[in-house]
Amino acid sequence: MTTHLTSARPAAGSRKESRRRPPAPSTTTVGRPSFAWAVPAALFFALFAIVPLIMVAVLSFMSWDGISSPEFVGTDNWSRLADDPVMLKSIWLTLLLTVLGVVLQTPLSILLGVWAAGHQRNRAVLSVIYFIPLLLSATAVSVLWRALLDPNFGIPAEATWLFGDGNLFGEQTTAIGVLAFVSTWQFTPFHTLIYQGAARAVPQVLYQAAEIDGAGRYRQFFHITLPQLRTSMITSMILMIVGGLTTFETVLILTQGGPGTDTTISAYYMYDKAFKSFDYGIGSAIALALVVAATIISLIVVRVSGYDKMRSSMEGVS
Amino acid sequence: MKTRARLPRLVATGATLALALSLSACGDGDGGASSDDGKIHVLVYGDASNKIEQQIVDTFNKTSDVKAVLDTIPGADYQTKLQTIINTPQAPDIFYNWGGGSIKPFVKADLLLPLDDFIKKDPGLKDNFLPSVFNSAVVDGKPYGIPMRGTQPVLLFHNKKVLEDAGVQPPKTWDELLAAVGKLKDAGVTPIALGGGDVWPTQMWFQYLYDRIAGPELFAKAIGGDKSAWESADSKKALDMISELVDSGAFGKNYDSVKYTNGGSVQLVASGKAGFELMGSWYYSQQLTDHKEFAEKDLGYTAFPTVEGGKGDPGNVAGNPNNYYSVMKKTKHPEAAAEFLKLMYSDEFVKAHLDIGNLPTTTNTDKFIDDSATPEYTRFQYDLVSDAPNFQLSWDQAYPQKASSDMHKAIQQFFNGQLDTDGFIKAMQALPTE
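Respectively, the protein sequence lines represent chains A and B. Taking the UniProt record's numbering, the leading residue of the first sequence gets 1, the next gets one more, and so forth. Taking the UniProt record's numbering, the leading residue of the second sequence gets 1, the next gets one more, and so forth.
Okay, chain A solo, but in the shape it has when bound (with noise of 0.2 Å):
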């Protein structure tokens, strides 16, 4: 296996002039992966994924909590949620989040990876420091920033001037930032990664033509880069707005959906029906109502952008 798999790899000799160009798959001598591959896989995913899937679909149509027989009660679940204005209210704060997450998180990370791809002096160091929150747990991060924004002995006491009395998490507007500006700090490196990536891959003879053709550096940003970004960005958005809708330590430990219900997004109020009311069935219809807006979402995404039919950035390269 290892034989055949080294030589579906350009030798030795020849890297450098490969790296500049995609793999050639139809010259491979490793045949199609039979599907015999894929079960161990496939079964994993079946018995972690689907079967409870089927399970909390079944559980939304059942009242249960937790220590006495669960009855079903039919749609009761369901029709309970269509008219929870909390469960309204929740919809729309996450997909504020999520929105505020792609906003913010976007444009640094193109920044910082584009600027990570370089060859500056300085640059390595402090690619690392950038690094490091992705490093920490979400918990880590929450507890820290909740002691960081303490408004008596935190930043906010010394900085009145920016925040006021402090109140941060008292407040819809601030504490919606709070939430916002966390997932940014720690998320940011990750995309920052992908992008660095990326454009590391850009062809570096698109730079020189553009250079013979007198192109600065905003230019070449803008009609090089950023184009050959396009593949990446999609990948990185897709994985932003899954991971905003499905947020959920933030918020647990920064605002634990406070003050009142003020920032109880989809996942927060899941937990909070299913874990804290103990009130299995409607958690359970809150999941599943999540599992089928993510992956609407996704899709359309996929659809919109047209990621699906797999356009290489590539084109008109060589």
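In case anyone wonders, no lab produced these hints; they're calculated from the structure. Any given hint could turn out to be false.
[As the list claims (entries may be wrong)] These stretches of chain A come out as covered by chain B in the derived footprint (C-beta under 8 Å, 3 or more residues):
| hint | segment |
| --- | --- |
| 1 | 35-48 |
| 2 | 63-74 |
| 3 | 162-169 |
Glycine included, each C-beta is placed from N, C-alpha and C at the ideal position.
Place chain B on chain A using the hints.
Chain B only, in chain A's frame:
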């Protein structure tokens, strides 16, 4: 019928597991315990008191043929885990709880053993505990729990130095408290520290004021299912007084961003930025851990102020009367369980708890207090609790667990002005009482 019920249960269990898996990536220890291995399993909330529970288990095992095994679950996960395993073969024989609403659903599902028979054989299981505390685990007229840790009344703590500098005496009445708030504000400190971010500290103000103004009957009525209690004149009066206090700036402006659990409000009082804090009796040891010098020198404490014209006895206290051990109905060794519970009023148990700052609620506690680590504070609490005509269990523990999240929301929203009096009343009326 039986097979019909089994499938949904299976599905439900699997789905819970799936939900739990998708939410928490962290694993958990083996808290499981099957009841037929010739042992009794004792399940407790994992924290600093576990060393005493282990000590008691060891003592028990020295003489008993049926051995006890202590299983602990980290505090934050305790309630969820308990609820998940309580009706499975993994259920323990004896488990820790908060009495009141925390066990009501289990009683309703017929899972718990009423302790009448135990008490008939050994009246000491009832008589050796303070009645107000013992009664908190009585559901539908039957006892379901034996007190197993220390009592936790809520007290009004203060920073002696801050009060002195502002020319304020610890308040005995509500009016004195309002006056103190004014003076502390003039002195440039936050009058009352509040960890509103956790919400349960906010709730303490509600449960005390309601008790002082209306007496324990109003809440008893409400939790008994009579929702009109929330619309009563007394209820509205209590809410008005809370609004008045909040609007006067007693808690400052950013209390909802402050937490007790990360030490924020604790530090406010210790550093002299705030005068008072209403908190459970564990506050003393918390301050002792976080700010030793302050706790030893400047930390003062009083009972909650009286309210003029209120129907409630000023001697009433609120908080957590105690934690309790309840016994599962399907335990294979009820005699061993009864023997084990007897240790909860032993001298060894009382001394061990006093050593770590807990105050057991047994009648023999009295004679050991003077040798405890903080005799003065321990004595104050003991007298307060043993003289109290009524000990109001924390609202969120008295209500069934499924109501607590919505209750917290309503309390937080009323406090910060998102809900008005009518809105709050409606929210409380919507809470499930069983």
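Status of the hints after comparison with the structure:
1. Check on the segment 35-48 of chain A: 1 of its residues sit with their Cβ under 8 Å from a Cβ of chain B, so the three-residue criterion for coverage is violated.
2. For the segment 63-74 of chain A, the stated coverage by chain B is satisfied: 9 residues place a CB nearer than 8 Å to a CB of that chain, which reaches the threshold of 3.
3. A count of 5 residues in the segment 162-169 of chain A with a Cβ less than 8 Å from any Cβ of chain B is obtained; the coverage claim is therefore met, three being the minimum.
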